[in-house]
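Colleague: Each chain, letter by letter, is given below.
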Amino acid sequence: MFIYPIYVLAPLALAAFIALLSGVIDKKSGLVKYIALAAVVASFAITCGIIAQGSGIYELRWFSFGGIAFNITVSTFLLNKILLFLVGLIGIAIFIYSIGYMDEPENQNRYYFEMIIFTLAMMLFAISANFISLFIAWELLGITSYLLIGFWYAKAKVSEAARAAITTILIGDISMLAAIVLFFNLYHTFNFYTLIGMAPSPLAVFPLTFLLIAVFTKSAQFPFSNWLQLAMEGPTPVSAFLHSSTMVKAGVFILILLLPLFAQSHMLWVLLAVGLITAVFGAMNALSENHVKKILAYSTMEDLGLMIVALGLNAVYAAVALFIVQTFYKALLFLSAGYVMKANHDREDIHKIAVNSRLVSFSMLAAALSLAGLFPLSGFFGKTALGIAARPNILVYTVLLGIDVLSALYIFRWFFVLKKKKKESTTVRFSKLPMELGIGIVLALLIISSLAMYFAVNYREISILRINYTENINDIAIETFLISAGVAAAWLFYRKRDIKALSAMEKNPGIAGRILYNNVFIWSAYLIVAGIIAAAANAVFYFDRAFNRFTYMLGKLALLAGDALSAFENGEVNAYIAVFAAGLVFLVIFFIIK
Amino acid sequence: MGNTMAINTINNISYILLILVAMIFAFSVSFSLIRNKRAKFLQLAVLLALLAAASGWLFLANANAVLLNLFHIYSFSLLFTCLFSILFILILVLSYDSEADYFYTIIGIIATGAMIVPMAGSLITLFLALEITSVATSFAIMTKNKVHLEAAMKMFILSAVSISIFSFAMVLVFPYSPQLALAGLASNSAVAGNYLIELGIALFIAALGFEAAAFPFNLWIPDVYQGARANLTAMVSGINKKIGFVAMMLVLFIVFAQYAWFFSGIIAMLSLATMFFGNLVAMAQQNVKRMLAYSSISQAGYIMIGIAAASGLGLEASIFQIIAHAFMIIGAFAFVFWLESQYGMNTISDYDGLTQRNMFAGIGLSIIMLSLIGIPPLLGFYGKFLLFSSALGAKMAALAFLGIINSFISVYYYGRLMVAMHRKTNKKHILISRNTAIVAGVCIFVIVGIGLYPEFLMQAASIAARALL
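Protein chains in written order, with the working numbering: chain A, 7 to 600; chain B, 7 to 475.
I should point out that these hints are in silico values taken from the structure, not numbers from a laboratory.
On a predicted model such as this, the values are computed, not experimentally measured, just so you know.
Glycine residues also receive a C-beta, built at the ideal position from the N, C-alpha and C atoms.
There's no promise every hint is true.
To be verified - List of simulated lysine to aspartate or glutamate pairs, EDC-like, C-alpha gap at most 20 Å: (1) A:Lys358 to A:Glu295; (2) B:Lys152 to A:Glu578; (3) B:Lys152 to A:Glu575; (4) B:Lys150 to B:Glu204; (5) A:Lys161 to A:Asp355; (6) A:Lys425 to A:Asp355.
Stated by the list, open to error - In silico negatives: residues of chain A with every beta carbon more than 10 Å from chain B: (7) Val47; (8) Thr200; (9) Val286; (10) Arg397.
Turn these sequences into a full structure, and let the hints guide you.
Modeller: Right, here's the structure in full:
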């Protein structure tokens with residue numbers, strides 16, 4: 007039996023409908039979480055069926071007018087299959103985890119409805135092959151992420167964060183729409199694969215710029231990166247899902263698909279520059295942050311920056327490798343963070359959280375090692391692929407090595423500080439099993455993906471990772487050495503000191519510490535950028551207020567006109583006939599004059 | 007050869023529509039002899055359903071048949087016969103519980119007229135069908151209640167004025183083709199610089215503008231909509247007004263096809279005046295029925311954009327919007343009908359907290375309002391989208407721009423009702439009757455379903471538009 011790729015959305019759509027209905031009918035039934043889980047599992051099963059089939063491109067006619075066909079086009083090429091598979095896999099783990107995490111009975115329907123739509127949007131995104139389906143998925147992702155980030159909207163901080171997210175995302179939406187319109191005007195097609203095959207146009211710079219803005223907002227690149235750390239106010243499974251396989255990956259994914267266009271228009275340097283800036287910012291901010299999830303958010307910024315750098319170097323395989331490995335370790339880190347937060351009265355400061363579960367400790371260690379990029383975990387393969395790709399460009403290579411050291415430092419700071427013995431005992435009761443199950447699944451996936459990467463290196467003729475490791479053994483050795491040095495430094499700084507000395511040091515670091523730690527330069531750079539943005543925002547505000555008053559006056563005028571025109575309607579038939587006759591006379595005169 | 011045979015057979019089969027219409031007329035006249043209300047309802051509904059099915063099938067089979075120069079059955083008329091049959095069934099279901107015995111006779115006669123209008127092949131047929139519909143409608147509205155009586159009288163008097171102007175317009179074009187067949191007039195009336203013909207066009211626009219609610223011939227609309235029972239308001243706005251548009255299209259695009267450059271400008275001006283009048287006055291309304299009446303005037307203005315564009319795309323857009331608006335307004339008036347007749351809810355403040363009092367009514371009415379505003383992916387969006395792009399295609403950018411401005415204005419009053427409905431309240435729960443729920447449910451299903459997949463309706467509208475041009 008042939009499975010159309012669009013079928014993968016069917017179980018999710020059905021489950022979303024059920025979740026919506028059950029929210030109307032019965033708010034307290036706990037059934038919805040199992041329905042949601044079943045839907046994701048079913049979608050994953052269909053995904054497996056699709057992966058087993060050959061590749062192809064399929065069109066679903068939606069509507070057309072004036073000779074322009076608006077079709078929902080989907081494809082099942084290798085990249086589509088990879089993303090679909092990742093979303094399904096991580097989705098299952100996260101929906102299992104959610105059963106334990108989301109234990110407040112009254113909000114379950116809302117939570118699962120939004121989560122299912124979010125998953126559906128990402129799956130549609132994963133298989134979309136033209137701008138129409140992409141835009142639908144893009145908008146759905148934006149709106150559901152807004153709803154999920156603002157899930158506990160009653161808290162002021164949360165609604166603030168959600169608003170920051172939607173503002174950035176809307177900038178991206180408008181840019182994406184502009185890019186689509188401009189692309190269509192230039193090339194007369196919505197289809198990605200036709201678009202890539204077209205002869206390059208000198209005007210392509212304009213749509214590509216808009217596309218880049220859209221990508222940067224979605225993938226949290228400089229200067230649109232701030233919403234990502236604010237989004238940590240949302241539920242942890244959402245953060246885990248958002249940061250690992252969905253949403254932020256959407257931007258990178260569309261860049262991977264359309265990279266040839268950027269290469270033709272000589273715009274790769276933009277990707278390189280923005281990616282590097284974001285990665286450095288992310289890594290340095292992660293080092294000075296104390297919020298257990300915000301450290302991970304900054305680390306996501308860094309990861310995405312590295313992917314964009316890989317694309318800027320035109321090393322698609324390195325970007326894809328990073329794309330895959332990042333999914334597993336980031337999901338695992340977030341799920342562990344959610345677990346320890348839940349076990350510690352939802353505390354957020356890493357200095358005040360204690361880790362008691364052995365499984366979680368092990369998961370944290372494995373994920374941290376993978377993030378730092380140490381052999382034999384899968385992160386190693388991503389980092390080295392990027393390093394080898396960057397080798398010819400010595401400046402980029404040096405910066406990347408610095409980022410490697412920094413990332414080893416901050417992630418082991420996170421790990422060591424969390425692992426320290428704390429005074430407070432943890433007496434929180436919650437259903438641990440589903441959360442542990444979710445963490446266990448992702449841990450297993452991390453290990454399996456590491457093995458798979460090893461396979462990919464040894465059989466590179468058939469794999470997407472086209473790197474010769476024996477030729478580049480020196481570079482790999484340097485990289486591994488530096489990362490190990492970073493881990494060792496973290497051990498010295500954070501593991502050896504007790505918690506009091508650590509707090510004292512973090513409050514009053516030395517000069518070297520201050521530069522590295524409080525990232526003064528970055529902060530002042532941020533202040534300058536923020537000052538410029540604030541000035542621009544003020545100008546926009548005054549313009550907006552003036553415009554607002556103008557439209558308000560227009561509205562008043564319209565209401566007055568409405569009142570005046572109502573005088574026509576006095577309820578008398580002879581008046582109506584008089585107006586009728588006047589209209590007729592007007593028509594006749596008009597026609598005769600003409 | 008076989009192909010021609012098949013086409014001939016289909017064309018012969020299409021006369022069955024006339025038989026069905028005649029049966030509707032005969033049955034409804036004989037209803038005065040029947041006491042059983044259920045039997046009347048079923049007979050009429052089954053006949054209408056047969057008519058809908060037959061015309062739908064013939065539409066797909068691409069039928070094209072002319073009978074005695076009086077009737078012309080082709081894609082355009084079949085689409086509208088199908089639509090009107092479905093709409094009449096909805097109206098019948100909506101009014102089943104509340105109307106008196108003679109109602110079925112009258113509604114059968116109205117249906118007869120309404121079905122004949124799109125099938126008309128000559129001005130005589132058109133004249134008679136319009137006459138039958140509007141007179142019977144004013145009788146349907148009339149009861150012993152003073153308010154209803156007033157509304158009926160207003161409608162009767164003004165429709166008499168309009169029909170007399172229509173007959174005078176017929177006289178003006180009579181010399182060119184004494185048979186008054188639409189197609190014959192078209193070939194004979196194309197005489198350059200003929201004042202009689204031009205005066206005829208003006209009179210036709212005025213007379214049909216009365217039915218179609220074009221400013222300044224629409225002043226009767228709010229009074230009648232407010233005065234009539236809401237199920238009949240649904241019929242007047244959902245069917246009678248659409249008949250006006252169908253007749254206008256037939257006259258303008260068949261008889262005066264050569265004069266398209268001539269009437270396009272005046273229709274554009276009327277369209278603008280209608281939109282602004284409807285929208286601006288709707289903002290000032292407190293009564294929901296009256297607000298919907300003005301909103302339907304403004305929607306008539308939108309539909310006229312497509313006629314002003316006088317192109318294939320414009321006609322397609324107009325036909326699409328006629329169908330879309332029929333379902334939206336009948337859905338809206340279905341709720342209004344029930345809430346008014348059972349709970350006495352009239353003003354916008356009466357609608358406070360409707361969502362809380364009845365989830366289905368609140369959400370359903372909100373969906374209809376959103377569709378009337380033109381929010382994608384609901385049906386109303388595609389209609390407006392097509393209309394504005396047809397105006398742009400006809401180089402009438404100003405018309406499209408002002409139309410969009412009007413869409414903005416309309417957000418105010420639709421939004422005000424929506425805000426009121428979603429307020430918190432402590433009033434009692436409301437029950438919705440099964441019949442109202444069915445009608446509203448069908449309309450909402452159409453609005454959302456075709457909104458998600460508008461392709462086939464766009465295709466149908468485009469086929470009908472091409473058949474007319």
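Colleague: Return the numbers of the hints above that this structure violates; sort them in rising order.
Modeller: When the structure is compared with the hints, only number 4 turns out to be violated.
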